[in-house]
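Fit chain C to the supplied structure of chain R, relying on the hints for placement.
In order, the protein sequence lines correspond to chains R and C.
For the first sequence, the numbering used here gives the first residue as 1, with consecutive numbering after it.
For the second sequence, the numbering used here gives the first residue as 335, with consecutive numbering after it.
It is worth saying that the hints were derived from the structure and are not from the lab.
Heads up, the beta-carbon is just placed ideally off N, CA and C, and yes, glycines get one too.
It cannot be assumed that every hint is accurate.
[Claimed, not checked] Quick list of the computed label-pair ranges, beta carbon to beta carbon:
1) R:THR250 / C:PHE705: 33 to 39 Å
2) C:PHE705 / R:VAL322: 29 to 35 Å
3) R:VAL322 / C:GLU676: 54 to 60 Å
4) R:VAL137 / C:GLU676: 22 to 28 Å
5) C:GLY397 / R:VAL322: 41 to 47 Å
6) R:VAL137 / C:LYS678: 51 to 57 Å
7) R:VAL34 / C:LYS658: 34 to 40 Å
8) C:LYS678 / R:VAL322: 54 to 60 Å
9) C:ARG589 / R:VAL137: 30 to 36 Å
10) C:LYS678 / R:ARG47: 41 to 47 Å
11) C:GLY431 / R:THR161: 44 to 50 Å
These are the residues of each chain, in order.
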Amino acid sequence: MSEDTATRAAPRTNGTSFLASAPGRNTGLVVALVLLCLVGVVTAGDRFADLDNVLTILRLASVIGVVSVGMTFVITGGGIDLSVGAIVALASVWATTLATQSMATNTHWLIMVFTALAVGAGCGVINGALIAYGRIVAFIATLAMLAAARGLAEIISNRRTQIVNVQGFTAFFDASVLGVPVLVVVFALVAASGWVLLNRTTFGRRTFAVGGNPEAARLAGIDVRRHTVMLYTLLGVCCGIAAVMLVARTTTGSSTHGLLYELDAIAAVVIGGTLLSGGRGTIAGTVFGVLIFTTLSNVFTLNNLSISAQAVAKGAIIVVAVLLQQRLARRSTA
Amino acid sequence: MTSSPPPLLSVRGLVKRFPGVTALAGVDFDVRAGEVHCLLGQNGAGKSTLIKVLSGAHRPDEGEIRSNGEVVSFANPTAAMRAGVATLYQELDLVPGLSVADNVFLGHELSAGGFTRRAETRRRTRALLERLGHSDIPPDRDVGRLTAAQQQVVSMARALSRDARLLIMDEPSAVLDQDEVRTLFRVIRELTAQGVAVIHISHRLEEIREIGDRVTVLKDGRTVAAGLDVSAVSTAELIKLMTGREARNVYPPRRPVPPDAAEALVVRGLAVGRRAGVDFTVRAGEVVGLAGLVGAGRSEILEAVYGARKPTEGEVVVDGRRLKPGNVGAAVRAGVGLCPEERKSQGLLLDQAVYRNITVSSLPLFARMGFLDENAERTRSADLTASLDVRPSDVDRIVRTLSGGNQQKVVLARWLLRGCRVLLLDEPTRGVDVGARGEIYRLVRDLADRGVAVVVVSSDIDEVLGLADRVLVVREGRVVHEGPADEIDEARVLDLVMEGTAA
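Chain R on its own, in the form it takes in the complex (with noise of 0.2 Å):
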């Protein structure tokens, strides 16, 4: 059919072809993921597509799939965070000081996973309130942070490695729920919610609106500077969360700890399909974005390919996802 005429004449879609429709998008994304998969089996055959690898693929997926969560959040709402890995990393060292340490040892472990939370919580109000009260562009705020918070890692760690000691929460997160690990389990929880926070919530709808038009938010009457704080905010939790596994799964605090994680996050994003100038965002499309970029890389270290190759084909994702992304929706705003 001749998609001009037909929109002009019943324009109920806007236009949107079945690719640009959100389903499709993700249909897209799927198709992707499986190519991806059958790549993997034909050249690693049973390496791949044995549980215990799948396993292994969730578990590295699980960590910056929460960091991508919360981004999420912070991209549709029209912002940038390039501080995640650097907030991850001050967070596994607080969690791990030897003073933290023996509190859980002494109480529970569960103040670890408090003390994570809420240094990053801390360091994404930072964030937020440099960002919305001090109106500092975003990319320059944060990259303060990133500087910041891993230069803060380092003096409280010494640069050294601090090893995990407390029983109860190495035991808590090695164990698996039904086979799951916990970790992915975490993951699967941290998605499904901010699913639903983004999708059916009144702050869901304001971030949209926040980063759709924030002039035209803010005189509907929403708190644009507030909402922003609290994205934000949000994503400095995530950023805790993430530190928790982190530590779980390394059983360490480092802070080496999550390098380069702002980027891998990003880019999973947007191959996800949420509009890097805001107003437009979708977890599932994240989720997506996330496990085709792990398992690429499991791919790759399956058939014995370079970290530097795989980087090499990150980039080329990254460039056709935006290339793609773009084209859809020059098209769906003609």
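Below, chain C alone, put in the same frame as chain R:
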């Protein structure tokens, strides 16, 4: 046939349509070398569209443009510039942070082998500024540090640097004080003496009398008078040409506001910036109109009432409660709603569904513990769009695809849903076609009849007079007249708003 040379620029039967609106419905006029040709018309008459067509920013749907007798077609602004047409927009398009000289030669930098020729650029800029009688502007100064008048001179220098033979100036005096206007006029006269033609757009009749040679009047997208000799036409005639409508808007009948109606909105000494404070009161069920020129401070007053702009002084009282100044949230909670002037950039979430735009100010109505009931949102929105006759009625449609009138109804629906006590409308029919205007007028009147206090700001004086019960005429941030709308006419209001700007 005649011995006189063809006009520098001649326009015949120009038509430009936008979705839902015909902005130009047949424009004819000529510009001769060395004259100042004034374009006159009310807001929405098509002046801006005409300028954009002449400067290559829009392409006409019909009609032709001739330059020195040759038919030309400006595919883009660069093509127009190459043909010697330069446009000075109201918002100056200079780059702050760059020097005067860099701005003048922006886009056609003087260079040798890829390196800019700085000394030559400065020398030529100085020469251009001298030609414009402004050798006082240093070519090295950052344009961000110049006054508005000086910036305008730099824009003109830029036009001359491209050998412009026709200069289009869109309300150049709007940002200038009287001395600066005088200097500007001197510069214009010097340019015309050198054979440059100037198209001068202004609302100020006295100005046209002072600087103009001929005048063309636009109304509803048509030329109603082309190339009149300014010295041979009276101000009264010009006002009549501008206002005498072919199709008058139909306004719904007023209903007398009961004298005991509560004072829903009281504004006391509200001042924005360095302007003097304004006082006014709007009773429940009353429509008050603010009339005045663009830049007279009407929108600023509305924004200050709404809390979107922090007033320097004064207070806003809604239903007896004083609002926290400069706080939109407080105003909205007190029951104030605003339909902003720039609907697209300030009012709407363009890429989101109609229902989301309607419910955005009333989300708590649909939320239980923060969870939204989207079906309830859709149902309530559908009720509203049906009663406001938004077309198409599909609430899942993306707002961007609606016409201007329907978009405005969506913003109105937002405040209907919120159930506001005071509604502030800034240019409610801008970009709305004539048919939908009538519907919006009826809606506004309907709201007033239900006890809402309404404040309307419009550049269309006829609209203010037709819609409002009471009119405040605003000039330079001050209320210069207040009275019932049916006791004043358009010509008198024009007189009032233009008075004083002549001095």
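For each hint, the structure was consulted:
1. Under the hint 33 to 39 Å, the C-beta atoms of THR250 (chain R) and PHE705 (chain C), about 37 Å apart, fit the expected range.
2. Taking the beta carbon of each, PHE705 (chain C) and VAL322 (chain R) are about 33 Å apart, inside 29 to 35 Å as hinted.
3. For VAL322 (chain R) paired with GLU676 (chain C), a C-beta distance near 30 Å fails the hint of 54 to 60 Å.
4. Evaluation of the 22 to 28 Å hint for VAL137 (chain R) and GLU676 (chain C) yields a pass: the beta carbon distance comes to about 23 Å.
5. Take GLY397 (chain C) and VAL322 (chain R): their Cβ atoms lie about 42 Å apart, and the range 41 to 47 Å holds.
6. Separated by about 24 Å at the C-beta atoms, VAL137 (chain R) and LYS678 (chain C) break the suggested range of 51 to 57 Å.
7. The supplied range of 34 to 40 Å is broken by VAL34 (chain R) and LYS658 (chain C), whose beta-carbon atoms lie about 56 Å from each other.
8. Evaluation of the 54 to 60 Å hint for LYS678 (chain C) and VAL322 (chain R) yields a failure: the beta carbon distance comes to about 26 Å.
9. A beta carbon spacing of about 52 Å between ARG589 (chain C) and VAL137 (chain R) contradicts the range 30 to 36 Å that was offered as a hint.
10. Checked against the given bound of 41 to 47 Å, the beta carbons of LYS678 (chain C) and ARG47 (chain R), roughly 55 Å apart, lie outside it.
11. Separation of GLY431 (chain C) from THR161 (chain R) is about 47 Å and conforms to the stated range, judged on CB atoms against 44 to 50 Å.
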